[in-house]
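Here the protein sequences come in this chain order: A and B. Following our numbering, the numbering of the first sequence begins with 1 at its first residue and continues without gaps. Following our numbering, the numbering of the second sequence begins with 1 at its first residue and continues without gaps.
Worth flagging that the hints you see were computed from the coordinates, not collected in a lab. Keep in mind the model is a prediction, meaning the values are calculated, not measured. Misleading hints may appear alongside valid ones.
Which copy is meant is left open, so a pair is good if it fits within one copy or across any two.
What the hints assert, rightly or not - In silico SDA-like cross-links for lysine to any residue, where the CA-CA straight-line distance does not exceed 25 angstroms:
1) Lys242 / Gly46
2) Lys242 / Ala45
3) Lys44 / Glu64
4) Lys44 / Thr25
5) Lys242 / Glu43
6) Lys44 / Ala260
7) Lys242 / Glu184
8) Lys143 / Glu253
9) Lys44 / Ala12
10) Lys44 / Arg256
11) Lys44 / Ala245
12) Lys242 / Arg256
13) Lys242 / Leu261
14) Lys209 / Leu99
15) Lys44 / Val85
16) Lys44 / Asp65
17) Lys242 / Ser252
18) Lys143 / Arg177
19) Lys44 / Asn66
20) Lys44 / Ser259
21) Lys242 / Asp167
22) Lys143 / Val205
23) Lys44 / Glu253
24) Lys242 / Gly55
25) Lys209 / Leu261
26) Lys44 / Ala257
Protein chains: 2
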Amino acid sequence: MDEEATLNANLADKAALLRRLHHGTRPLVLPNAWDVASARLVEKAGFPVVATSSGAIAASLGYEDNNSMPVDEAFGAVARIARNVSIPVTADMEAGYHLSPAEFVARLLDAGAVGCNVEDADHDAGSGLVPAEQHADWLRAVKEAAAERGVDIVLNARLDVMRQAGDEAALFDEAVRRAGRYLEAGADCVFPVNIAAETQIANFVARVKGPVNIVGAGAPPLPRLAQLGVARISFAGTLMRKTYASLEATHSEIARASSALV
Amino acid sequence: MDEEATLNANLADKAALLRRLHHGTRPLVLPNAWDVASARLVEKAGFPVVATSSGAIAASLGYEDNNSMPVDEAFGAVARIARNVSIPVTADMEAGYHLSPAEFVARLLDAGAVGCNVEDADHDAGSGLVPAEQHADWLRAVKEAAAERGVDIVLNARLDVMRQAGDEAALFDEAVRRAGRYLEAGADCVFPVNIAAETQIANFVARVKGPVNIVGAGAPPLPRLAQLGVARISFAGTLMRKTYASLEATHSEIARASSALV
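The task is simple: from the sequences and hints, build the whole structure.
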């Protein structure tokens, strides 16, 4: 095999492993990373996958978390992480940075990631959602472009429905409906944000025919999420915020000592 | 004024402020940052300057801390920080990444920094030091290139002498001798590493005719360093290591909860 074929075979193996972990007897638990140091600690702690948080990466690099990060910066951060860990990497890619499906997949695989999150929020409009069919078509095209490269990437379709204004029950139904469309389009997992109550999680898992990702911060504890049938538990930007809160406390100590100097 | 002149005037003002802070009644205290999030917290805590740590940046981006980081990555990290804080930024630039003085200064100012650390370790040889005159010439040329740009950057000359093998008293004398040469060449501050004992610090400050930077971790407390006449106290990579140790503890908790799942 030539070098590119070897690289792709290695990525295909990692994608297959990442996919299997969505169908195990226990949920896939992902303490999201934002830089190489945090990703290395994820691997060191024994987790089988590194997942990034776009919100945490944006905070680390100084950008807004609204699909406006320069594309080279977004994929550069993922590439640095993937180069420095040996386990599969799945990357939170906001709303896809306006890339065509082919370019998105090429950049993702070149960065060394084998999975991604893509959300259906319409950042260009400032609020609201991309129409469901349009988003499903984009997701389908991403899976097809990945298949052409020989790497069946693990696509986690984030649903921003429950962040919209409106009747909660109607929004919930719309989230279920969109989840079905995205799974039909080839998504490997669906990720409804702002669903944290036990009954909502149980209801969502029951109505959706595919693996479900729930944020494990502000939600029931891990054993309960596992009982509810959640396939994937991530932490979004919460671990970074907690980590940098400890830095803030250290700064306060140094600032107090410093201002006492004469 | 055209745009570049305005930018340079702004940088010149910041450089002047950074320089004054080396000659105040109390030491300049610098809790080193490594990314935008940590830099923003430095500013939020009320410190007057953001100083980077090259070791911490290297760990965050996945490189060795031995002058081998890709130049674009090194200055890119500084630029992201400088874009996102309003206070002066001084950047730890390892051994200068093999750049000519003119290119080094151009990249530093384009990144928005107004000060830098440069060390005299000879990373190309794997160990040892760059000959004192050769290093002094490089430092002098950096100051001249900066003057041509109209920004009198604050040059902190790091002395890696005390990291070498040999008789400690002889190394100490060599550090004092090099400090004198670097100050003559235009350095604004000298930064001997591996000097942490009170008597050594007092002795170094007494023998060197210019501001001295000491690492305030593993050294006497800040009030004592101030009494000893230390002008600048930084923390190198210690704050990042402490911060990520808290992340490691969080990972352990999640890993324990995760492995208990059935």
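Worksheet entry | Numbers of unmet hints, in rising order | 7, 8, 14, 21
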